[in-house]
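Visitor: One line per chain: the protein sequences are A and B, in this order. Our numbering applies: residue 1 is where the first sequence begins, and numbers increase by one. Our numbering applies: residue 1001 is where the second sequence begins, and numbers increase by one.
A couple of the hints might just be wrong.
If you only want the chain A side, here are some residues facing chain B, beta carbon under 10 Å, derived [stated by the list, open to error]:
{"no.": "1", "residue": "Val-4"}
{"no.": "2", "residue": "Gln-6"}
{"no.": "3", "residue": "Gln-38"}
{"no.": "4", "residue": "Lys-42"}
{"no.": "5", "residue": "Gly-43"}
{"no.": "6", "residue": "Phe-46"}
{"no.": "7", "residue": "Thr-49"}
{"no.": "8", "residue": "Glu-70"}
{"no.": "9", "residue": "Phe-72"}
{"no.": "10", "residue": "Ala-84"}
{"no.": "11", "residue": "Leu-87"}
{"no.": "12", "residue": "Lys-98"}
{"no.": "13", "residue": "Ile-100"}
{"no.": "14", "residue": "Phe-101"}
A few chain A residues that face chain B, going by a derived Cβ cut-off under 8 Å, partial list only [claimed, not checked]:
{"no.": "15", "residue": "Ser-19"}
{"no.": "16", "residue": "Phe-34"}
{"no.": "17", "residue": "Pro-44"}
{"no.": "18", "residue": "Leu-99"}
{"no.": "19", "residue": "Gly-102"}
{"no.": "20", "residue": "Gly-104"}
Covered by chain A, per the in silico footprint, the following chain B stretches (three or more residues, Cβ under 8 Å) [unchecked claim]:
{"no.": "21", "segment": "1018-1029"}
{"no.": "22", "segment": "1069-1075"}
{"no.": "23", "segment": "1102-1113"}
Calculated directly from the structure, the hints in this document are not laboratory data. These numbers come from a predicted model, not from an experiment. Think of the CB as a built atom: it goes at the ideal place given N, C-alpha and C, for glycine as much as any other residue.
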Amino acid sequence: EDQVTQSPEALRLQEGESSSLNCSYTVSGLRGLFWYRQDPGKGPEFLFTLYSAGEEKEKERLKATLTKKESFLHITAPKPEDSATYLCAVRGMDSSYKLIFGSGTRLLVRP
Amino acid sequence: ETGVTQSPTHLIKTRGQQVTLRCSSQSGHNTVSWYQQALGQGPQFIFQYYREEENGRGNFPPRFSGLQFPNYSSELNVNALELDDSALYLCASSLYGEGYGYTFGSGTRLTVV
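Working from the sequences, and respecting the hints, build out all of it.
Guide: Right, dumping it as structure tokens:
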């Protein structure tokens, strides 16, 4: 069964303190790994899609990387506006029409 | 380019009642999916519609049903509401096929009392 586990559940950083969020996955043939940002009471906002091990994508202070078993979302010099829940999801061969989400990492960046 | 819009934004219903939630897909998208997100959890897949037919379903009972219309808008219907149905309901649209991402709406917050 396809599964996604995110860690840590919550992370508090000081402004400018870089860190990484982890997404471990088990899937029967990866058709895509997705990172989303979600603000309280809002829908997920798309950040990145990764398709194969070794792939990397960047956007402003965020960089996503992918291996065969996990993905990392690296946050460089975060700002308070980066505070949000970051969700990881996979799309697998056996369930190509749906996304399997992790429970997310709640990030708080203090000024 | 318009995004995904959902209505209403908030809703309070009594246990046993029925509810209909609505979604307008992003312009150009032909596939719509619905997700349920409980507080503190990731979204869970309910079902997906393509060409006005359900083409995938998660582990949700038959009292969760949906429709997709020719203009690609969609409805989620839930009958015989239970307290555990209280959640944020998210609609996501995409193009059918590989390599396409999903655009989510802001959701409908349903509270069952």
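Visitor: It remains to establish, for every hint, whether it holds in the given structure.
Guide: Cross-check of the supplied hints:
no.: 1; hint: Val-4; verdict: holds, 8 Å
no.: 2; hint: Gln-6; verdict: holds, 8 Å
no.: 3; hint: Gln-38; verdict: holds, 9 Å
no.: 4; hint: Lys-42; verdict: holds, 5 Å
no.: 5; hint: Gly-43; verdict: holds, 4 Å
no.: 6; hint: Phe-46; verdict: holds, 5 Å
no.: 7; hint: Thr-49; verdict: holds, 6 Å
no.: 8; hint: Glu-70; verdict: violated, 16 Å
no.: 9; hint: Phe-72; verdict: violated, 18 Å
no.: 10; hint: Ala-84; verdict: violated, 14 Å
no.: 11; hint: Leu-87; verdict: holds, 6 Å
no.: 12; hint: Lys-98; verdict: holds, 4 Å
no.: 13; hint: Ile-100; verdict: holds, 7 Å
no.: 14; hint: Phe-101; verdict: holds, 3 Å
no.: 15; hint: Ser-19; verdict: violated, 20 Å
no.: 16; hint: Phe-34; verdict: holds, 7 Å
no.: 17; hint: Pro-44; verdict: holds, 5 Å
no.: 18; hint: Leu-99; verdict: holds, 7 Å
no.: 19; hint: Gly-102; verdict: holds, 5 Å
no.: 20; hint: Gly-104; verdict: holds, 6 Å
no.: 21; hint: 1018-1029; verdict: violated (count 0)
no.: 22; hint: 1069-1075; verdict: violated (count 0)
no.: 23; hint: 1102-1113; verdict: holds (count 7)
When held up to the earlier numbered hints, the structure conflicts with 8, 9, 10, 15, 21, 22 and fits the remainder.
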